[in-house]
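Number of protein chains: 2
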Amino acid sequence: MPGLSEFELIETLLKPLAVNAPGAFALADDAAIMPEPLEGHVLVITKDALAVGSHMLFDDPPGDMARKALRVNLSDLASMGASPVGFFMALCIGRDTKDRFLKEFISGLAEDVERFSIPLMGGDIIRQDGPFIVTITAVGSVKREDVLRRSHAEPGDSLWVSGTVGDGALGLLSARGQLGTLSARSQAFLSNRYRVPQPRVETGLFLAGLVSACTDVSDGLLADVDHICKASGVGCRIEQDAIPLSPAAKEVVQSNKGLWQTILTGGDDYELAFAVPAARGAAITDLMRTGPIQLTRIGIFEPGSGTTLVHADGVGVHWEQLGFQHE
Amino acid sequence: MPGLSEFELIETLLKPLAVNAPGAFALADDAAIMPEPLEGHVLVITKDALAVGSHMLFDDPPGDMARKALRVNLSDLASMGASPVGFFMALCIGRDTKDRFLKEFISGLAEDVERFSIPLMGGDIIRQDGPFIVTITAVGSVKREDVLRRSHAEPGDSLWVSGTVGDGALGLLSARGQLGTLSARSQAFLSNRYRVPQPRVETGLFLAGLVSACTDVSDGLLADVDHICKASGVGCRIEQDAIPLSPAAKEVVQSNKGLWQTILTGGDDYELAFAVPAARGAAITDLMRTGPIQLTRIGIFEPGSGTTLVHADGVGVHWEQLGFQHE
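Chains as they are written, first to last, in my numbering: chain A, 1 to 327; chain B, 1001 to 1327.
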């Protein structure tokens, strides 16, 4: 049992994260009062859980674990086009969780509370006999008519993605020492992409009201685009050669083409994938030039269902060559 | 690893719990949209975590665990005077969690979703190497000027409590077989009070805008009244003989006066403790006569700080006689 009491944790370490939320009452009441939404805005809420050993490695820096736990939720808010309002956290302190771990965890969290202007508004602390687990519920705000959904992509809309794809899943392999021949620099880049996602909050705010469907790439590009297809009742043709890879990911597939499978299905990228109606192409091209992050057109939605992977010439990709098992 | 996939859990078992929340999009989007609050209302949010082995016993019925997890959150909403809007749930499936456990858990949850009209709006499912853990975030709605806080009790206000006190903590002793000499009927009553709390949602709605401070009795009567005292900057004199006990709890203290300590500090009661200004006494007396649950006046707030326990004649209680250790 760590020496830090729940009282000390709350009073000393967590209360400072709540100062910018008057409705959190310094974490001293039974519940928090949410600020009233701006005129015409609605609140959106998302909740994610992460366990050490499952979603974070045992030797990941505790501060990075905290930032990941918050950021995967921020990524969900971004994919709805919402700006952060506040969050709630349950710390499930484990059998072997040390005081030092908790201090570093909360200190990493404090950095992101500042960086993303999202105050802690409440939560719970329990002790239990398993690994350290954290669950976070994040609240965001978005204009009602601008909410981004998965369900409104139309045939003819183009498919775009922010940033680069595949780094998260390759980063997990790298952090586990499974990409041994890769340059140290690329290893460090990829591991960091796995440990500390960059939620595309600003980009999501820009896309709100502009694009027809949006999701974040958390389950893997193919699966997440398929979520849009299913929700919208359309199909999608993705051009493999157009998928943006980081220099490190390019280095990986140059030596092992089979790792394309990891790139396409591994997930943990926390980029945004979205559908752009033809009439909105110019606005997106502007954002591509001036916005905070690279945006790339990688496919087109079409009548039908399911996701097809093609080369630039439209010829279907041989899945086996990308590391997929023959079914 | 249980045979139920995450997909099956969501599609088959959880989706039906979301049908009454259009903003939950059948649990198929990245986040949920909260309904717009009624004119003049605000949303309140609370979050609690429970682990098997810490907050629930390994052999508690899984359906009861689910109901407890939801109800401790409903109790927090009740203590703010809020009516339930929806909830988010993270299921952290453990090493030894069986499919049958999950089915019974969700089936118990479904009963309370119906009973308290609170739809599931989102969440997450993870697998991890520890005990089964569930965290729930509940959202409620209350008129802005009626929100119940801990912080507005005044000297001269009387202290009231709903239902009976001490059953939760005595119920844990009973469920663990530590109240062996008690009648079987009383054992069953107390265990049930521990396993399935009765959140005082209706009473909370009635008290909203009427009483000066409110909290739920989760940490133990003395600690929770002390929370009101600290937040309000007042003291409180509690009349021990006025504290309402169930027949089962009376049976317990008749044979062992030392268990008064458990009654006063054990917690897990999920009753409401609240401060009533003199001018509102008549309204509370009316509610006492006609409301769904017994309400009892047990003390008075006074200038100063801290909680004092007295007999009916005002003489201080000898703590040692109630099972407290001499400090």
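Among these hints, one or two may not hold up.
Below 30 angstroms or equal to it, Euclidean Cα-Cα: the simulated DSS-like pairs (lysine-lysine) are [claimed, not checked]: (1) B:Lys1103 x B:Lys1015; (2) A:Lys143 x A:Lys257; (3) B:Lys1257 x B:Lys1230; (4) A:Lys257 x A:Lys230; (5) A:Lys230 x A:Lys143; (6) B:Lys1015 x B:Lys1098; (7) B:Lys1143 x A:Lys143; (8) B:Lys1230 x A:Lys15; (9) A:Lys103 x B:Lys1230; (10) B:Lys1257 x B:Lys1143; (11) A:Lys15 x B:Lys1257; (12) A:Lys15 x A:Lys98; (13) A:Lys230 x B:Lys1015; (14) B:Lys1015 x A:Lys143; (15) A:Lys230 x B:Lys1103.
Everything labelled a hint here was simulated from the structure, so no lab data went into it.
Consistency of the hints with the structure:
For the given pair, Lys1103 of chain B sits about 13 angstroms from Lys1015 of chain B by alpha-carbon distance, which is consistent with the 30 angstroms threshold. The suggested pairing of Lys143 of chain A with Lys257 of chain A is violated, with an alpha-carbon distance near 43 angstroms, which exceeds 30 angstroms. For the proposed pair Lys1257 of chain B and Lys1230 of chain B, the alpha carbon gap of about 29 angstroms is at most 30 angstroms, so the pair holds. The suggested pairing of Lys257 of chain A with Lys230 of chain A holds, with an alpha-carbon distance near 29 angstroms, which does not exceed 30 angstroms.
A C-alpha spacing of about 25 angstroms is found between Lys230 of chain A and Lys143 of chain A, which places the hinted pair at or below 30 angstroms, so the restraint holds. Of the supplied pair hints, the one linking Lys1015 of chain B and Lys1098 of chain B holds, its CA atoms being roughly 20 angstroms apart against a limit of 30 angstroms. For a cut-off of 30 angstroms, the pair hint linking Lys1143 of chain B to Lys143 of chain A stands: about 23 angstroms separates their Cα positions. Of the supplied pair hints, the one linking Lys1230 of chain B and Lys15 of chain A holds, its CA atoms being roughly 16 angstroms apart against a limit of 30 angstroms.
Proposed proximity of Lys103 of chain A and Lys1230 of chain B is supported: the alpha carbons are some 27 angstroms apart, at most 30 angstroms. For the hint pairing Lys1257 of chain B with Lys1143 of chain B, the CA-to-CA distance comes to about 43 angstroms; that exceeds 30 angstroms, so the pair is violated. A hinted pair counts as satisfied when its Cα atoms are at most 30 angstroms apart, and Lys15 of chain A with Lys1257 of chain B does not qualify at roughly 39 angstroms. With a C-alpha separation of about 20 angstroms, the suggested pair Lys15 of chain A and Lys98 of chain A falls inside the 30 angstroms cut-off, and the hint holds.
Of the supplied pair hints, the one linking Lys230 of chain A and Lys1015 of chain B holds, its CA atoms being roughly 16 angstroms apart against a limit of 30 angstroms. Of the supplied pair hints, the one linking Lys1015 of chain B and Lys143 of chain A holds, its CA atoms being roughly 26 angstroms apart against a limit of 30 angstroms. Simply put, Lys230 of chain A and Lys1103 of chain B have alpha-carbon atoms about 27 angstroms apart, close enough for the 30 angstroms limit, and the pair holds.
Violated hints for the displayed structure, listed by number in ascending order: 2, 10, 11.
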